[in-house]
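Protein chains in written order, with full-length UniProt numbering: chain A, 1 to 254; chain B, 1 to 254; chain C, 1 to 254; chain D, 1 to 254; chain E, 1 to 254; chain F, 1 to 254.
Hints were generated in silico from the structure; no laboratory data involved.
Given the structure is predicted, the values throughout are model-derived calculations rather than measurements.
Nothing false has been slipped in among the hints.
For chains that are exact copies, the list does not tell them apart, and a pair is met inside one copy or across any two.
Pairs of lysine-lysine residues, derived as DSSO-like cross-links and limited to a Cα-Cα distance of at most 27 Å, are as follows:
{"id": "1", "residue 1": "LYS202", "residue 2": "LYS13"}
{"id": "2", "residue 1": "LYS13", "residue 2": "LYS246"}
{"id": "3", "residue 1": "LYS250", "residue 2": "LYS185"}
{"id": "4", "residue 1": "LYS13", "residue 2": "LYS111"}
6 protein chains.
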Amino acid sequence: MPNKVKEAWKAGKAVVNGWLAIPNAFSAEMYSQCGWDSVTVDMQHGVQDYLSCVACFQGIAASGSGATPMVRVPWNEPGIVGKVLDAGAYGVICPMVNTPQEAANLVQYAKYPPAGTRSNGPIRAGAYGSAGGYQATANDEILVIPMIETKQAIENIEAILDVPGIDGIYIGPSDLSFSYGLTPKLDVEDPFILDIYEKLLKETSKRGIAAGLHNGTPEYANRMIKMGFKLVTIANEVGLMVAASKNAVKVARG
Amino acid sequence: MPNKVKEAWKAGKAVVNGWLAIPNAFSAEMYSQCGWDSVTVDMQHGVQDYLSCVACFQGIAASGSGATPMVRVPWNEPGIVGKVLDAGAYGVICPMVNTPQEAANLVQYAKYPPAGTRSNGPIRAGAYGSAGGYQATANDEILVIPMIETKQAIENIEAILDVPGIDGIYIGPSDLSFSYGLTPKLDVEDPFILDIYEKLLKETSKRGIAAGLHNGTPEYANRMIKMGFKLVTIANEVGLMVAASKNAVKVARG
Amino acid sequence: MPNKVKEAWKAGKAVVNGWLAIPNAFSAEMYSQCGWDSVTVDMQHGVQDYLSCVACFQGIAASGSGATPMVRVPWNEPGIVGKVLDAGAYGVICPMVNTPQEAANLVQYAKYPPAGTRSNGPIRAGAYGSAGGYQATANDEILVIPMIETKQAIENIEAILDVPGIDGIYIGPSDLSFSYGLTPKLDVEDPFILDIYEKLLKETSKRGIAAGLHNGTPEYANRMIKMGFKLVTIANEVGLMVAASKNAVKVARG
Amino acid sequence: MPNKVKEAWKAGKAVVNGWLAIPNAFSAEMYSQCGWDSVTVDMQHGVQDYLSCVACFQGIAASGSGATPMVRVPWNEPGIVGKVLDAGAYGVICPMVNTPQEAANLVQYAKYPPAGTRSNGPIRAGAYGSAGGYQATANDEILVIPMIETKQAIENIEAILDVPGIDGIYIGPSDLSFSYGLTPKLDVEDPFILDIYEKLLKETSKRGIAAGLHNGTPEYANRMIKMGFKLVTIANEVGLMVAASKNAVKVARG
Amino acid sequence: MPNKVKEAWKAGKAVVNGWLAIPNAFSAEMYSQCGWDSVTVDMQHGVQDYLSCVACFQGIAASGSGATPMVRVPWNEPGIVGKVLDAGAYGVICPMVNTPQEAANLVQYAKYPPAGTRSNGPIRAGAYGSAGGYQATANDEILVIPMIETKQAIENIEAILDVPGIDGIYIGPSDLSFSYGLTPKLDVEDPFILDIYEKLLKETSKRGIAAGLHNGTPEYANRMIKMGFKLVTIANEVGLMVAASKNAVKVARG
Amino acid sequence: MPNKVKEAWKAGKAVVNGWLAIPNAFSAEMYSQCGWDSVTVDMQHGVQDYLSCVACFQGIAASGSGATPMVRVPWNEPGIVGKVLDAGAYGVICPMVNTPQEAANLVQYAKYPPAGTRSNGPIRAGAYGSAGGYQATANDEILVIPMIETKQAIENIEAILDVPGIDGIYIGPSDLSFSYGLTPKLDVEDPFILDIYEKLLKETSKRGIAAGLHNGTPEYANRMIKMGFKLVTIANEVGLMVAASKNAVKVARG
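The following block holds chain A by itself, in its conformation from the complex (with noise of 0.2 Å):
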């Protein structure tokens, strides 16, 4: 299977990422029909865990929608690093990387030798691999990519995004706006904020590498991409159920 969002980037194009809080298979595979290019599983702050992790994978793979699956790990540690790779994630999203040397460890724990120490084992993903053998392409199929969510990240942004094998970064706008001293929200309009997005757009383009980021609706994200984003993310599937039907009741009251 292709990995779409390494394609699209490619291509320069943004990819649209959906991001699954609710640890259920059945409600993975139905959200991963709705046509996401990929779809992320969020083990840091959705209620999902290894397995609930391995169950969503399936759920994306059963819905033939072919969207990618990725995974955001809940911290930077190579046991979950290593263990949701071997699960099929196509990519690893991982928070608070603040220094280039969180970088560098998050590339050493994705990477098969000679780039990086993962152990070999890929117990779901390589019943996938391509002809070549998964182990032959993994490290080039598989996306690495931080989240640069505080003000010290910013501090480095440079030299982290100078560690090789990094793929992209992912921005959490609260994260950033909470390490500032701000109220942690969505869709900032703060123009301190949205300076820094410019300038995490422009160290990233001059690397040849992708940044994306998280958004609390479809409008921002839509605008997102028109500012250079490549991979937007809108809310969860939780998020966007709720506000249906909070509408919804609100509607059938009248």
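Chain A is already provided as a structure; the job is to place chains B, C, D, E and F on it using the hints.
Coordinates of chains B, C, D, E and F only, in the frame set by chain A:
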């Protein structure tokens, strides 16, 4: 906990009912906070079984919303009717009740002696019973709601409604259309079906019992409340999620 | 593994039986180490379904206690009777057996040909069969135990007990009281009910089969053993936990 | 997705069918990549229930093998037949169909009006429907396959096969032997049973419907294809695993 | 929902705390109705992981008892601390905090900026936030409670307690004894250990923070409240169940 | 229950070890009856997490085979090492131990004081302890087995093996090859790698500790026993199932 549906019906008011197809307590909990008067676990067409129903009931209760938990059982069978009531259902919606005998069977399964033959052992339900004791009030508190969704049921409607212990009916529009040789659908405009609705509203109203309807959209549900329905459901939680997601993808792509 | 209940009954002894309502193998495993002769998974009023029953059976076996696994099925239905036997039940307790025909149905569901029509495929049970083969001994080894818990069953008692293949009966005191218009309760002192117990003990004893009883307290259970009951259950594991917890809180508060 | 079994049968070819007893989506997914034309979740004798069946269906779909998902239901009961079809089964194998009435009941449960009384709500199945809509094609696409596995069924065979809507039959060799007073086994050589097979092949062939058989070994299955069977199953996945494991231990020990 | 533990501590009162080892929401729900002020999911030594913790939190909430949900994390690791807080924990008990640096790390993981580096995304916790918003009050509301259970921790106790953000400590008596070369046990009478308790009570009291203790029996727990402990736990739910069960079997046997 | 691995090693014998990747207790139970001396739950590359490990341990115990339960942890991290030991592991295999410090850390996490810092609370393990008490014998009974699978580990091998508390080593052939720039594979014939095996056998033998190896086929495993390995694993259960299934399909098709 009061039965909101029963209270509303006593007051002549309509309730807006949620519908759970995703077998997950977290999803159920979040959904239950959206303003529904009652939330029904759909064990017939939803991806639900008995243990997921219990989990969803816990999600509904955990939400603190006071939404009344109900269930649609997969079939008119005494084992499962007893089990969902023991788990804490305040109402049982039963599919495909086509004759007075089937309606009487349903009542028998759902009521303690002498009204019925339900077996005693409200493992979860009893823990939340009123001061007078769960067993003393269950026959009054718990709603028995056969689904009227076939030509045969319509032909038997008066005898079905006359069965003692029936608190209301619930119409499945797509099965009803199907059984008359029409294309199965929700939110019907076919005058033939709408005439049946009118007849059912008249016959239930005459007997002081309520009529409920499954709807596809909140707008139609609102119209049906105005027409006289006392319980309206809008699709289910996964349907609302899918519709919202497809729209989000479209808007994000621009 | 020998059937401890059958062996005890042959020796004229009573067994102390555990009762599982929590659908969890760890809980079942710990509980099974407490000295019970047999442990019954309650699929009727317990929070149990088929897969949790299998998990509990594994917990019982894992405990190494040699406690005999039994099950109370949710209803007298051939599908579930076959499934729990395939999973390794050594005894089936079936609720609400009120007529000889219902008793004969139960026997039919639980026995291989020619005694019954149970389908062959003991997926888990067969793996632990005796040298002669599970299928060759199952009809003898597995206990068929209808519940006697209604006025109708009492009125039919001799004919029910005469059904070939019945190994014992199990009395549900609260349903029995309920069906006679009394308040449902365990550990009854009402002479009317106690007279029924005496009659059941006499009729079962006459036929060389055993009578069992569900009890609320171990003291009452002990008294019932002395009265002649050959299988006594004490509440269930969650009931014992709740009682112990309430007491612990009270003592800790002083 | 095309129904591979139906297509093969139309073309006069036999299918090799997998059989799932382990209630786990990962196991199902890996097994589904092994070349089976169809994979059947065994809810009767396998350690499976409704939700594990859904999970296995997702595993089958996630495998990308195009194997057609089918199910053996635990019993001829309308609730479960409807639920597994809603979950996406392309074929229903039903145990212990012994009379034309039982066969007609099965057809009724599995077909939408006017051919039957299946209720509308294909929660998972509908999401993968053809352009014309799942409901419009389901009655044609979904295979209804009663099991012929008792003396009584053999005696009624012509009338059973004449029931409209039957697409094939499936023989359970061990139950068939059992019901004739023989030792239950697979891969029988007893001429008496083989004669029955011949008769069933003749009667099905005459009516243009298919006959399937459960086998213990692939060698026997191959022979049965040559004999005329159009669907052959080989043990189940756990049986293959156990046999391979015992052999591996033996070889490793030397 | 108010934090009962925090309120009690403000008022100078002790709380009686429950402890969950069984990974099941039903068990947790029933146990939570027994009068505990708070209920802690034990992810270190209990049979619990992140998703079972979420399920238990839902069970606690569903009980309607108002018991405050807390967690003992398996280790002092930022990923899991963030996840349990997002799930709705009102307090984090962390094992084996032996140095001020480890205590400071724990505070950092558990607090939003500027007090710490917890990442924003309270998926379940946020849904129940106060009017002012969960993020605005979380740092104040959530209790950070390191376990003091080694010789090293005792030697560093003043520096540990001086770490800003520590709300209390929790003593693990068996590990504490173990680290001093004594036999590990609860409800110790060894004057050497009791002297340590006195010292810990004095040092915490001096700083206006609370001391908690794990107990084996409610009698000892009551004594410890009188000694000055502000949070006492009694064994866990499975321990109480096992003790009650062993006793029930003994009494039933006579 | 005796530790079969330890006993065999004391007697100078080799053990044949099973390997579980499927997160299911039924599958584990059936597999554990196949003759393995020990069965290891693979939490690194298997589709396993902590709760599935507990379930598999129950399956192993329920099998009654006496197979010794072990685990490969996902990473050298104290939280998970403690949890699997509390769950009843008799041996811990830890991936990627490359330095004496890492080996010493592993020992520290796995041993009670004074040999290490493992926290006391053997929730499931303690229930099966010897008469003298689980805590008194655990440090002796439980095997600590670092994986030697990198160039760095080979370079540090003598210092690693000299770390007190190491009972054996386990070689991961594919990672070992990978780290030397070779293609990752099992059952290697490359003399360079085989020389490393010889060296490891010599160094372990010299110190009276055992060497284990992961194998792809039972034939190779047998050869390795002859070469001196004291623990050999053959693929895993899902690998054996897949190989057997592919072969069955091929044979059935003819």
